[in-house]
Amino acid sequence: MIKLDSKIPAGDIAEKWSNHKFNMKLVNPSNKRKYDIIVVGTGLAGASAAASLGELGYNVKAFTFHDSGRRAHSIAAQGGINASKNYQNDGDSIFRLFYDTVKGGDFRAREANVYRLAEVSGSIIDQCVAQGVPFAREYGGLLDNRSFGGAQVSRTFYARGQTGQQLLLGAVSALNRQIGKGQVKLFTKREMLELVVIDGQAKGIICRNLVTGEIEKYSAQAVLLCTGGYSNVYFLSTNAMNCNTTAIWRAHKKGAAFANACYTQIHPTCLPLHGESQSKLTLMSESLRNDGRIWVPKKKGDTRKANDIPEDERDYYLERKYPSFGNLSPRDISSRSAKEVCDEGRGAEGGDAVYLDFSDAIKRLGKHVIQERYGNLFDVYETITGENPYKIPMKIYPAPHYTMGGLWVDYNLMSTVPGLFILGEANFSDHGANRLGASALMQGLADGYFVAPYTVGNYLAGDKPEKANIDHSEFNNTQKEVEDNIKKLLSINGKKTVDEIHKKLGRIMWNKVGMARNEKKLKEGIIEIKELREEFKKDVKVVGQNEDINQTLERAGRVADYLELGELMAVDALHRNESCGGHFREEYQFEDGEAKRDDANYSYVAAWEYESPGKWNLNKEPLQFENVKLATRSYK
Amino acid sequence: MSSNNLKLTLKIWRQESSSSKGRFEEFKVSVSSDASILEMLDELNDNLEREGKNPVAFESDCREGICGTCGLVINGHPHGKIPKIATCQLHMRNFKDGETIYIEPFRAKSFPVLKDLIVDRSALDEVLYAGGYISVNTGGVPDANEILIPKDVAARAMDAAECIGCGACVAACKNASAMLFVGAKVSQYSFLPQGQPERYQRVQAMVAKMDEMGFGSCTNTYACEAECPKGISVTNIARMNNDFIVAKIRSAEVEI
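If you're matching them up, the sequences are chains A and B in order.
The numbers in the first sequence follow the working numbering, run straight up by one, and end at 636.
The numbers in the second sequence follow the working numbering, run straight up by one, and end at 256.
A couple of the hints might just be wrong.
Unchecked claim - Pulled a few chain A residues facing chain B out of the computed Cβ check, cut under 7 Å:
#, residue
1, Ser52
2, Leu143
3, Asp499
No lab work stands behind these hints: they were computed from the structure.
For clarity, every value in this text was computed on a predicted model and none was experimentally measured.
Backbone N, C-alpha and C fix where the C-beta goes; we use that ideal spot for every residue, glycine too.
Just need the whole structure built from these sequences, with the hints factored in.
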């Protein structure tokens, strides 16, 4: 069994991080150049970490499977980034952001990590502004804020509907500066396929060069995985086509515990499915819920067009059920409510969709205000659906969007493999069982700019890990493992395409390990995933060769990992006999359909240790709440 | 969203590697009008794979028009003829039943074809490494509200910052010029107070690198703006030229 030591510093919550920073060991400035650090992924977490570590003087090797650092999926985040600046004088504070995040996460996050996140949130905004991120401003020249789901203060900073893009371009500009200086070496078109562990420490990675097919070895004294989440296990999600779990999954199989795999976020405001050929789902920013009202017909099977349904025949179900938060209720509640009304047969035009209606806001504020706030989102909607949302209410439906689960990390963001750090969505640490809107960008940048640069240094100065030679037998063995795996995939030559199997897995995951789960469905899901995994091994068809650009081979490797991860998600969901946040078990709910947590038995982080295919050992990290009183989450 | 099926003829550029000779290959497909053009290629590829044939290599990622990964020349237009969208946002309802569609990679001297529809755009990143940033380290920066920025100035910086780095401007230009891309980055920082200290150094460094990477010059045809998925304005090129000239004069003054 792994010993989980969260390494939470002692003392008052408000002083933990300051004390810890003081107590951490430092690497002498002239010694920093003796250390090589690998950063995988160039999204918000990876770009900010690689840039900040480069600025400190470490030799950084950064890796991306894209052609450029700027393409990482953080770029697609629309709505905003939270920070407890209290610029609006509406009662925000570090403690309030901390409290909202713990509560929003349904009391399944580690208090100390969340407090630190809130504590550094203000510095993130300062940093971004200094980099030239053009946040929205008020007429007086001050920064503008908007409100977001799960909060009653305005603490969200934004840059039109492209906040992720602007924050990422800011972080990547800092990274580019270090690349220009030669302090960071960026390896593009490289996909990490294995972690190299020597004597129990992370010492490097094995990558496939996606242009030449070459299997390359890279050594370092610390490895940071900033590789995002795993929503694409559902095939259809709001994640980009290439988002995948491979880096963290291979690290998991090399000893890093995987925590809370079942905590997935289904985002309430996505475009509904158009048909079989659909390749992904498109998110409409949650910020739309600030001014849009969500409703469905009161009558079942009402197939009239939205504008033909009179006011008194509309059910504004979120406003009705949650009068104080209304349309801004947290994501899990909003998503589940949408599914409920559609399952009742009250979906828009009888289908799987609900309306998001701006007609009242347009009447109240004028079209130009709505256009200024959401113009580009409305354009995107019209481009995709062919309908004009200024005139016809949008149709939306929930879709997998974010995964709160990920590799287990301690307070220093280090996994159970010494020297292996996990940042951003790839770790499990800050959002508990549900993430609040505009908090993903905050966490990615907090980890990369303000946490890892300290804690990685502490590891290097404390453990003084030696540099491994890439000719070490462990590097060669791991390289061979990767090459053999690729050979195997290319030689199966069965009848099913990679996408066909991925779509099948997606359907199993959505139906059995989706928004509402139960014991029977989960058990069926586990069997079906196992069967599909065997089918993949025997009957998948991967065309082409390794020594070339081979996108089918890239996808095949990723799907092979999803076929294992999917099972862990189901196993984790089955073991957690409670409902919390994004994990809703139908057996555990109140009479009014609200999630029923079981704090006596499940107030812990489930960290799964890999043993063999389909077999994991459960390790528990108990969660202690010393600053927030456990309560039933209420947004009524 | 009323959908119907379209029968189309595709003529797609196939090229095994940067050193091999390319050609058009013809495919007949049937596709839902609700699908995007990339979803049509997904379906085509799935069928090719089933037949044991090599799928058409093309890049895409977010499929929401923001990551800048996708970029195809469709019937002669980078990202297709509909204004202000990326390739991934082009839906088949914009085509007619029976139509023939030509699909090619972005073509420019600085963008060598790697395979089929995939080109190497790293030359654009090289320009950014040379100066596409404000030199601030993490930490030690002033409070975000310390420096006031007028709303319209922030908005104009944002207009320039919306560039997604796809390279359509280069592909659209008969000179394969990258001046819209570089001008947008230069302008974003020129508008903002934070960008002032390095304003003139930056423009010189970026222009020098742009020339070194083999991008052509601007001859004011405005094809870049017309094809830009974000509608980035050519005034950014004028602003860059202005800054570049001022930088020249300033550096001459220093030398005297």
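How the hints compare with the structure:
Using the Cβ-Cβ criterion of 7 Å, the hint placing A/Ser52 at the interface with chain B is satisfied: the shortest such distance is roughly 4 Å. Given the 7 Å rule on beta carbons, the hint for A/Leu143 holds: about 6 Å separates it from the nearest Cβ of chain B. With a cut of 7 Å, the hint placing A/Asp499 at the interface with chain B holds, because the nearest CB-to-CB distance is about 5 Å.
In the structure shown, no violation is registered for any of the earlier numbered hints.
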